[in-house]
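Participant: What follows is each chain in one-letter form.
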Amino acid sequence: SQQGEEDPQALSIQEGENATMNCSYKTSINNLQWYRQNSGRGLVHLILIRSNEREKHSGRLRVTLDTSKKSSSLLITASRAADTASYFCATAPGSGNTGKLIFGQGTTLQVKP
Amino acid sequence: DAGVTQSPTHLIKTRGQQVTLRCSPKSGHDTVSWYQQALGQGPQFIFQYYEEEERQRGNFPDRFSGHQFPNYSSELNVNALLLGDSALYLCASSSPGTGGARGYTFGSGTRLTVV
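Taken in sequence, the protein lines are chains A and B. When we follow the numbering used here, the leftmost residue of the first sequence carries the number 23, and every step to the right adds one. When we follow the numbering used here, the leftmost residue of the second sequence carries the number 1279, and every step to the right adds one.
Okay, chain A solo, but in the shape it has when bound:
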């Protein structure tokens, strides 16, 4: 079963604008990861934030984590047409877990040139 719920399901913006995607989850986590998927192919790991971290940056990406609200957000600044893809959050459950990831249903981002 899916743990995460992502919001919005679809997002369409102009090139240069910022894109924000949100993810909520249900159980305690060890870490939360964001992945990108182009055209139904393999997933590319973008960024990982641990449960004791609140914010993390990587290039044009900014991730926040609020464990009290069991939610995370991914911000892509100054978007480009090449950012068009599906974005998934994935949680690594906190107890008794050896590496299983639980994915949300994803946000489909379209960046118009």
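Hints in this document: simulated from the structure, not taken from any laboratory. One or more of the hints may lead you astray.
To be verified - Taking CB as the label site, the calculated pair distances span:
| no. | chain 1 | residue 1 | chain 2 | residue 2 | range |
| --- | --- | --- | --- | --- | --- |
| 1 | A | Ala32 | B | Asn1349 | 36 to 46 Å |
| 2 | B | Phe1347 | A | Ser61 | 40 to 50 Å |
| 3 | A | Gln36 | B | Leu1317 | 26 to 36 Å |
| 4 | B | Thr1283 | A | Gln31 | 26 to 36 Å |
| 5 | B | Asn1357 | A | Ser50 | 27 to 37 Å |
| 6 | B | Arg1293 | A | Thr42 | 36 to 46 Å |
| 7 | A | Ser50 | B | Ala1316 | 18 to 28 Å |
Using N, Cα and C, we set each Cβ at its ideal position, and we do this for glycine too.
Starting from the known structure of chain A, arrange chain B on it as the hints suggest.
Facilitator: Just chain B now, kept in the frame of chain A:
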């Protein structure tokens, strides 16, 4: 440095048949996980292999089985195929001892269609 390699890329099988999918992890990675992704959905965890043993399993029936070889490559076998098994099957590997704590490297997947 090659990433995760999966074969075949596409596969069409008839209901009731059996299928074997293959995965070679990224060089230096020892842990392999398999995921099923139905169209329009997020990936769902099938199982994970480490040191040639199934270490963790998701909510999938026994028709789904796997194997890991001494060179860390892995196979996913699905018996008695159902139409609902049609999906993209993804293999992911991670580096030694991290259990995915630093993120996984995914292959491009095998698109299985059951007719």
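Participant: Indicate, hint by hint, whether the structure satisfies it.
Facilitator: Results of checking the hints against the structure:
1. The given range of 36 to 46 Å is respected by A/Ala32 and B/Asn1349, whose C-beta atoms sit roughly 42 Å from each other.
2. Taking 40 to 50 Å as the suggested C-beta distance range, the pair B/Phe1347 and A/Ser61 does not conform, at roughly 31 Å.
3. Remark: the range hint 26 to 36 Å for A/Gln36 to B/Leu1317 is upheld by a beta-carbon distance near 28 Å.
4. In this structure, B/Thr1283 and A/Gln31 meet the distance hint of 26 to 36 Å, their C-beta atoms being roughly 32 Å apart.
5. Distance hint check: the CB atoms of B/Asn1357 and A/Ser50 are about 35 Å apart, consistent with the given range 27 to 37 Å.
6. For the pair B/Arg1293 and A/Thr42, the beta carbons lie near 43 Å from each other, so the given range of 36 to 46 Å is met.
7. The hinted range of 18 to 28 Å is satisfied by A/Ser50 and B/Ala1316, whose Cβ atoms lie roughly 27 Å apart.
Hint violations for this structure: number 2 only, all remaining hints satisfied.
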